[in-house]
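Trainee: Chains as they are written, first to last, in the working numbering: chain A, 1 to 158; chain B, 1 to 310.
Be a bit skeptical, because a hint or two may be false.
[Unchecked claim] Which stretches of chain A does chain B cover? Using the computed rule of at least three CB atoms under 8 Å from a CB of chain B, they are:
#: 1; stretch: 109 to 119
#: 2; stretch: 123 to 131
#: 3; stretch: 140 to 149
In case anyone wonders, no lab produced these hints; they're calculated from the structure. Glycine included, every Cβ here is placed at the ideal spot set by N, Cα and C.
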Amino acid sequence: MSNESNMRRVTAIRNGTVIDHIPAGSALRVLELLNIGRDTSVPVSLVMNVPSKKMGAKDIVKVEDRELTQAELDRLALVAEGASVAIIRAYAVAEKLEITLGDEIVNVVRCTFSNCITQNPREPLAHRLRVLSKEPLQIRCHYCGRPQDLDELVQNVI
Amino acid sequence: MTGLITMADLTNEDIVEVLDAAERLLPAARGEVHMPLLSGRILGNLFFEPSTRTRMSFETAMKRLGGDVVNLGDVSTSSVVKGETLFDTVQMVDGYTDIIAMRHPRQGAARYAQDAARVPILNGGDGAGHHPTQTMLDLFTIRQAHGRLEDLDVVLAGDLRYGRTVHSLSHALARFNCRIVLASPELLRMPREIVEDLRASGASVEETTDLYGSLDTADVVYMTRIQKERFADEDEYIKVAGAYKLHVKHLGEVRQDMIVMHPLPRVDEIHPSVDETRHARYFEQAFNGVVTRMALLCRLLGVDVPGGEA
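If we strip away everything but chain B, and leave its shape as in the complex, we get:
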């Protein structure tokens, strides 16, 4: 394995190994113990698109492990604005660093960068394509709550068309035999090729516009923001903005151990009244971004996390 571009780059066994390593790294992620496993290594953060959680959690993950980070900085002041190609930028950073975390507005940019680079690339989001490191932290959160990844009922809701987190997550869930309900406005349905791939892999996939009718049998409800920045036409955005607003009043009949997740930032798709319930898991989910990225950095740099089976 060179980098992590899509979930297809990891087998189910790989996924479980990374999640197990992440468990062992929890004390280090919380700052309770010092584990300088990546001392002397440098992560290059190449974020061509705004990011708060992903960029900061990569940086925190690297520093918690004793490594260092260099940042591309503001795209508007870097050489990108002078017309440098992604190929040239990657060539340069490849020489400076041991591993690269990248986000780019164009789909396929991470695969392209991996083909151009010698060091591993971690895809932190490519346009409306994939976001596999988010999926790893989502899976970690799901396993924390339910003790397993297999055979769960999962509702993915909101912007399934442009939402790269749900593209990557649905592929992983299908591989663990989860039953998937895709709840979205008609305009924001999951891309056809993804639904076809999920069904071809034998997954049970149901598409609906009725989110609230799907809540009662769910183990996981994964909400996503309808992303204004992905719409070329604001009128189209206005038609679907605020399509789903999960409120505590919708949670009366849900399973006791059902969890509500969200990759954040949220706008109004989860009402603050949900925050205080036993179901809310999105802030833990955000914290889990650090520990799973620590595990991924170790894995891609070929460093074993102590405490695993020999």
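Chain A with its partners taken away, still in its complex shape:
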């Protein structure tokens, strides 16, 4: 199936953000990491498992009337490394951004270990996770050193 027909699944947006090439099945996690949920009033479209030449299958998320910042997009690196982001203004791509996973994830998610020092919500230092390896994804808490499970991590979004 062509890219065009993929795009027809959801209509083009006038203003907002399109996140394309999300690994298939990860779109819901993307919404969680962006804190898009019940309280979100702008239109959000989501397609999952659509064919992709590059990836075999992929997910796409479109958020209307909201331009996601680089800081917000950095949060997505955990589940959507390599995804491409387009900021849309008046139906045209105004800016292209990428989501890359660095060596450290700062203040995006909390360590999942129940006895980690960062479990005290009043402790003021940043939540920091170290990325040991991207393939396979291996993440450990900077402070307690415990390995982090991705499924549990996305439940700990800050």
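Please arrange chain B on chain A, whose structure you already have, making use of the hints.
Mentor: Just chain B now, with coordinates in the frame of chain A:
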């Protein structure tokens, strides 16, 4: 190097240098000579969890070197009980002292404190995480007995899951190419990530529940207490309490120069009948806590111990 949080903060060369400095400090540790190398310096002892040996040996080490010590005191009467964060406590003590020794029930607390502090932090135990100053005294004891750290057969036994001493020690032993046998009840196996790290570093690691079958080929048998305070569920504790009880009768076929170590306190994992054998080394080990901590305090405060190579 700012502080000592995990053994990863020291290279093998650093470790050997600290142990060499500790050798030179032995007469001062015994009180035979006066070496006021840290005169005018202040150590802050921040112990948020009970400690006898670690706290006292830090205090003794600092005082033997002519330095002074201030203590957090009883956590139940300090500002911690009023809800002060670790960050704020560390900020305050950081201003009062030149170096901090710390023990905390939460894992990662020492790294956190180091990120919050200007002065070096010595991790005296963070939850079930690390205990690198104990590892330094363990290595000192091993080197005293065997003349080397490399290429030894070491059995680590008991509570490997929650035992922070064995977490730090196993990392160091792996780096010196020791062969490591991990003997524990199934419930108290070494955390997966540590075993993976040890194997990834190329170490030979064997896991077993059979402690007694591993004794005969060992150079070092390192026993640990099964720590009741780490169990949320007492039934789980009862299942594994007393799993290993090393008795003199188990030592008939062991190597002549094999040493038995224990970070202490012991409950019943080493029978007193072992105390009188040539193998028992745990009381010397406890004494070595003073001299290795003296060497670490000097190193982290940037003070050379006289007698080393220029």
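Trainee: Now tell me, hint by hint, if it's right for this structure.
Mentor: So, going through the hints one by one against the coordinates:
Coverage of the stretch 109 to 119 of chain A by chain B holds in this model, with 7 residues showing a Cβ closer than 8 Å to a Cβ of that chain against a need of three. Restraint check on the stretch 123 to 131 of chain A versus chain B: 3 residues with Cβ-Cβ distances below 8 Å, three needed, restraint holds. Closer than 8 Å: that is the beta-carbon criterion, and the stretch 140 to 149 of chain A has 8 residues meeting it against chain B, so the requirement of 3 holds.
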